[in-house]
Amino acid sequence: MIEFEAPKPIAQQSVALTTVAENMMRPVSRYFDEHEHEIPWDYINFMHLAMRSTGAGSLAPKESKKSGDEPKKDRPPIGYQSLAFMLETLAWGDVGMYLVTPGGGLGAAAVEATGTPEQKQKFLARFAAERPTFGAMAMTEPGAGSDTSAIRTTAVLDKRTNEWILNGEKIFVTAGHKSLCESNGFVVVWATIDPTAGRAGMRPFVVEAGTPGVQVTKLEHKMGIRASDTASICMQDARLPFENILGSSSVEEATTKGFKGAMATFDATRPLVAATGLGVARASLELLKELLAQQGVTIRYGLPRQKLTSIERDVIDMEVMLRSAWLLIIKAVWMADNRKHNPLEASMSKVRAGDVVTKITQKAVEIMGPLGYTRDSLLEKWFRDAKITDIYEGTGQINRLIVARNILGYTGRDLR
Amino acid sequence: MYAFEPTEEQKMLVETINRYASTGLRAKAHEADEAAELPGSLIEKGWELGYLQASIPEVYGGFGERSVVTGALAAEELAWGDLAGALAVMAPGLFATPLLLAGTEEQKVRYIPPVIEAEWQPYTAALLEPFFDFDPNELHSQAVEVDGGYTLSGEKSFVPYAAEAEAMIVYANLGGKTQGFIVPRDTPGLEIGGRQKLMGVNALPLYKVMLKEARIPLENRLGGVDGHDFSPILDAARIAISAMAVGISRAALEYSRDYAKEREVFGVKVAQKQAIAFMLAEMATEIEAIRLLTWEAAWMLDNGKEDASKNAYLAFTGAMDMAMMVTDRAVQILGGHGYIREHPVEMWMRNARGIATFTGLVIV
Numbered sequence: 001m002i003e004f005e006a007p008k009p010i011a012q013q014s015v016a017l018t019t020v021a022e023n024m025m026r027p028v029s030r031y032f033d034e035h036e037h038e039i040p041w042d043y044i045n046f047m048h049l050a051m052r053s054t055g056a057g058s059l060a061p062k063e064s065k066k067s068g069d070e071p072k073k074d075r076p077p078i079g080y081q082s083l084a085f086m087l088e089t090l091a092w093g094d095v096g097m098y099l100v101t102p103g104g105g106l107g108a109a110a111v112e113a114t115g116t117p118e119q120k121q122k123f124l125a126r127f128a129a130e131r132p133t134f135g136a137m138a139m140t141e142p143g144a145g146s147d148t149s150a151i152r153t154t155a156v157l158d159k160r161t162n163e164w165i166l167n168g169e170k171i172f173v174t175a176g177h178k179s180l181c182e183s184n185g186f187v188v189v190w191a192t193i194d195p196t197a198g199r200a201g202m203r204p205f206v207v208e209a210g211t212p213g214v215q216v217t218k219l220e221h222k223m224g225i226r227a228s229d230t231a232s233i234c235m236q237d238a239r240l241p242f243e244n245i246l247g248s249s250s251v252e253e254a255t256t257k258g259f260k261g262a263m264a265t266f267d268a269t270r271p272l273v274a275a276t277g278l279g280v281a282r283a284s285l286e287l288l289k290e291l292l293a294q295q296g297v298t299i300r301y302g303l304p305r306q307k308l309t310s311i312e313r314d315v316i317d318m319e320v321m322l323r324s325a326w327l328l329i330i331k332a333v334w335m336a337d338n339r340k341h342n343p344l345e346a347s348m349s350k351v352r353a354g355d356v357v358t359k360i361t362q363k364a365v366e367i368m369g370p371l372g373y374t375r376d377s378l379l380e381k382w383f384r385d386a387k388i389t390d391i392y393e394g395t396g397q398i399n400r401l402i403v404a405r406n407i408l409g410y411t412g413r414d415l416r
Numbered sequence: 001m002y003a004f005e006p007t008e009e010q011k012m013l014v015e016t017i018n019r020y021a022s023t024g025l026r027a028k029a030h031e032a033d034e035a036a037e038l039p040g041s042l043i044e045k046g047w048e049l050g051y052l053q054a055s056i057p058e059v060y061g062g063f064g065e066r067s068v069v070t071g072a073l074a075a076e077e078l079a080w081g082d083l084a085g086a087l088a089v090m091a092p093g094l095f096a097t098p099l100l101l102a103g104t105e106e107q108k109v110r111y112i113p114p115v116i117e118a119e120w121q122p123y124t125a126a127l128l129e130p131f132f133d134f135d136p137n138e139l140h141s142q143a144v145e146v147d148g149g150y151t152l153s154g155e156k157s158f159v160p161y162a163a164e165a166e167a168m169i170v171y172a173n174l175g176g177k178t179q180g181f182i183v184p185r186d187t188p189g190l191e192i193g194g195r196q197k198l199m200g201v202n203a204l205p206l207y208k209v210m211l212k213e214a215r216i217p218l219e220n221r222l223g224g225v226d227g228h229d230f231s232p233i234l235d236a237a238r239i240a241i242s243a244m245a246v247g248i249s250r251a252a253l254e255y256s257r258d259y260a261k262e263r264e265v266f267g268v269k270v271a272q273k274q275a276i277a278f279m280l281a282e283m284a285t286e287i288e289a290i291r292l293l294t295w296e297a298a299w300m301l302d303n304g305k306e307d308a309s310k311n312a313y314l315a316f317t318g319a320m321d322m323a324m325m326v327t328d329r330a331v332q333i334l335g336g337h338g339y340i341r342e343h344p345v346e347m348w349m350r351n352a353r354g355i356a357t358f359t360g361l362v363i364v
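Quick mapping for you: the protein sequence lines, in order, are chains X and U.
Mapping of the first sequence onto the numbering used here: position 43 corresponds to residue 43, and the numbering continues sequentially without gaps.
Mapping of the second sequence onto the numbering used here: position 41 corresponds to residue 41, and the numbering continues sequentially without gaps.
Bear in mind the hints are in silico, worked out from the structure with no lab data behind them.
Treat the hints with caution; some may be incorrect.
[Said to hold, decoys possible] Just the calculated beta-carbon pair ranges, DEER-fashion:
no. : chain 1 : residue 1 : chain 2 : residue 2 : range
1   : X       : LEU371    : U       : MET199    : 39 to 47 Å
2   : U       : LEU218    : X       : PRO9      : 52 to 60 Å
3   : X       : ASN406    : U       : ALA275    : 34 to 42 Å
4   : U       : GLY304    : X       : THR395    : 36 to 44 Å
5   : U       : LEU218    : X       : LEU371    : 51 to 59 Å
6   : U       : GLU219    : X       : ASN406    : 39 to 47 Å
7   : U       : VAL59     : X       : MET1      : 22 to 30 Å
[Said to hold, decoys possible] Simulated crosslink set (SDA-like; lysine to any residue; CA at most 20 Å straight-line):
no. : chain 1 : residue 1 : chain 2 : residue 2
8   : U       : LYS11     : X       : GLU36
9   : X       : LYS307    : U       : LYS11
10  : X       : LYS340    : U       : ASN173
11  : U       : LYS273    : X       : GLY412
12  : X       : LYS307    : U       : LYS273
13  : U       : LYS310    : X       : LEU308
14  : X       : LYS289    : U       : ASP133
[Stated by the list, open to error] Per the computed footprint, the stretches of chain X lying under chain U, defined by three or more beta-carbons under 8 Å from a beta-carbon of chain U, are:
no. : stretch
15  : 4-13
16  : 89-96
17  : 181-189
18  : 302-314
Even for Gly, the Cβ is constructed at its ideal location relative to N, Cα and C.
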C-alpha cells in the first residue's frame, strides 16, 4: 500500500507537543539565545516529568516489551515515525532547547544499537531516575571531524585490573556538559583499541559521569542553538570497567563491525536530526506567511508561475522544499520501523533537509528585509539555528558521498 | 498509517509497463523523435496493457476502479520509456477520464464505452492556449450560452491527435469558470490547424485548434446543464504530468550514472570524481523527494483530503523544476556526448522543458 496518513497516536502526541512548544519554549526562546550556557531548567524538569514514564527522550524507540506476548498484527511499529514527529514539533518550538531535552539522546541511541541486553539494562535505567538525566555521543576530535578514521583517542586494556584506560580529547559533544556535570548521565566515547587497525579498531565506550580523569574543558560559543551545550571533553588515564565497551573487545574478530555499529546508529538518527531542522524551517515559513499576511500579502496557490509575484514564487517553492524533505524523512523512519535497510534513504533525507532548511530560513529573513534581520523577531534566530542541520550528524557533503556510493554501488575505496 | 510499498497488483502493473517501456517505447524513442512519428503498433501495444481500461468501472466498459496513485505509478513508468509515447498511449484518457470524473450518467454511458472497449483510438482534449499567461482556471476561450446550447470561441494549442480524433473535450471559460464541452469531430466552427513543430516530444502529433463560434448542444456540456467542478480534472492532470516528470528524470539519472561508471578520466571512472558523484546524489535525492510529493498528493486525491488540490499544485511546481535540473545535469555528465543526438539525454532535456507547459496533455 501507498499511504500518507499519520497514525492516530502520533496525531494525538503532536497536539500535546505543540502545546509544550508554544507555552514552554517559544516564550523563552529569545532569552536562552541571548543568555548562552544558561540552562532552561523549567523546560527540562517539565519534560523529564512528562516523559519519565514513557521513556521518550532517547533517539531509539523502546523495543516491544515481553517476547512472550503475541505481537498485534494490525499495528505495525511506529516508534521512529513517532520520534520524527516529536522532534520536529519540539524543534518548531526551539531547536536549541529541544537539544537539552533530558533522556539518552544520541548516547542512549548508541547503546540501543550496539549494546548487549545486560548493557542496556545497566546504562539505560538511569534515564527513568527522579532527576533529569542526559546522554551524549562523542566522536569528533580536534583533528578528526567527518574523517572518523583519524580518531586518536585510545583505549588500552589494563589486564591486571581488567579496566579500559582512555586517553584523548573530544570536541563538539552536544549535551556533553549536562551528561557529565549536571546529571548522572554518560557520554558514549569513540576510541581506538588498535591505532594500526584504522576503523576496525574503533569502539564505543560508555564513559559515565564521575569517572576520574574525565573533564569537561570548554563550552563552545556558537552561531545558533545556543541553549544547547557543546562541550570539549578531556580524558587523561580515565579508567572504565571492562563491560563499558559496546561491542566486541577483540580487533581480530571484529573487522570494521565496531565502526559499522556507529554507522547503523546514524541510519536511525540522521532522519531524526533532519526532522529537527525541518521543525525550524516550518516555524520560519509559518511566521513568514503570517507577517506577509499582516502586510496584506496572501499567497495565491494554483496559479501558473508566470502570473505569480516574486514573493509568491518564493513561498510556494519553500513549501515544495519543506514538504518533500519531510516526506523523505518519513520514508526513512518508516523503513527503520519496519527493519528495512535504509542508509540511502537516511542520508537522502539528511542531504535534502540540510539544503532546504538553510534556504528556507535565509529566504524568510531576506523577504522580510529589516523585519527579518532584526532580533525583535525570531526569523534571524531560526536562520542561525537552522544552519547546524547541514553540519552535525554528517555534513551535507558526507551524506552526499553516502548517497552517491549507494546509487553507484561503490565502496568507500571506489569513491573517496 | 504511512506506507511506501505499492500493492502486489500495482507492482505487477508497473513491471508489465516497465517491460513495454523498455523494449517498446525506449527502444523506438530515438527513431520516433527523428521521424516525428510513432509506429501505430507501438501505441496499440501500450494500450493493450490496459491501464486506462483498469481505471474505468465495468458499467462503462472497463474492469476496475480509478486510483490516482496507481495512475501516477503507471505514468512514471511509461514516461521512463519515452514521454511522447507515454502521452500517445494515454491520450484516450484525456477524453474518458474527465467524463468519468465529471460527466452525467448519460454522458458516461454514451461516450466512455466506445473509447474503452475498442482498440486504441485518437480521442483527446483541448485545454492549452497560446498565451504566455495561460491559466487553466482563467481561459481566454469563451463559452457563451445561446438558445438551446453554447457557442465556443477561441484558440487552443498542443492538442494531441486533434486532426484524427473522433471527439474531444474542449475547455472554455463560461462566466469565469472553466467548463468542459464534448465536441464531436464534424462540429461546425471547429477548425483543426496544422501540426505543431516543437522543441521536444516530436513524435507526438499536436495541433492547433480554432473555435469559431462552434455550436455545442446543451447536452454536450460536461456534467449537464449545471456543469462541473474543474478542479478534480486539473488536479489529476497535474499529478499525471508530475509523475511523468519523475519518470523522465529517473531515466536520465540511470543513463548518466551508467555512463559515468563506464567512462574513464584521469585514470579513474568519471563517477569516482566527487564533482560528478555529488551531482548524481543530488539528482537521486530530488527525484525521490518529488516522487513522494506526487504520491502524497495522489493519495490525498484518492481519499478526498482537504488540501489535495494545493498539494497537487505543489507537486507539479516541484516536478517541473526537478525534471529540468536532473535532465540538464544528465547532459552535463555526458559532456560533449550528452549534446549528441545518439545519446537520449539531450532529448530528455528537451522533453523535460515541456513539463511546465504540458498541463492538460495527460490525465490519470
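39 to 47 Å as the expected CB spacing between X:ASN406 and U:GLU219, which holds or is violated: For X:ASN406 against U:GLU219, whose Cβ atoms are near 57 Å apart, the range 39 to 47 Å is violated.
Given the hinted pair U:LYS310 and X:LEU308, is their alpha-carbon gap at most 20 Å? holds, 15 Å
Range first: 51 to 59 Å. Now tell me if the beta carbons of U:LEU218 and X:LEU371 are that far apart. holds, 55 Å
Pair hint U:LYS11 and X:GLU36, alpha-carbon separation not exceeding 20 Å: violated, 54 Å
Decide if the proposed pair is consistent with the structure: X:LYS340 and U:ASN173, CA atoms, cutoff 20 Å inclusive. violated, 50 Å
Coverage of the stretch 4-13 of chain X by chain U, judged on three or more residues with CB within 8 Å: Coverage by chain U holds here, the residue count being 4 at a Cβ distance below 8 Å.
Quick check on a hinted range of 34 to 42 Å for X:ASN406 and U:ALA275, using CB atoms only. With a Cβ separation near 18 Å, X:ASN406 and U:ALA275 fall outside 34 to 42 Å, so the hint is violated.
Does X:LYS307 pair with U:LYS273 here, judged by a C-alpha cut-off of 20 Å? violated, 41 Å
How about the stretch 181-189 of chain X: do at least three of its residues have a C-beta closer than 8 Å to a C-beta of chain U? violated (count 0)
Is U:LYS273 close enough to X:GLY412, meaning Cα to Cα at most 20 Å? holds, 13 Å
Range hint 39 to 47 Å (beta carbons of X:LEU371 and U:MET199) holds or violated: holds, 43 Å
Distance restraint evaluation - U:LEU218, X:PRO9, Cβ atoms, bounds 52 to 60 Å: For U:LEU218 and X:PRO9 the Cβ distance comes to about 53 Å; the hint holds.
Hints 3, 6, 8, 9, 10, 12, 14, 16 and 17 from the earlier list are contradicted by this structure; the remaining hints agree with it.
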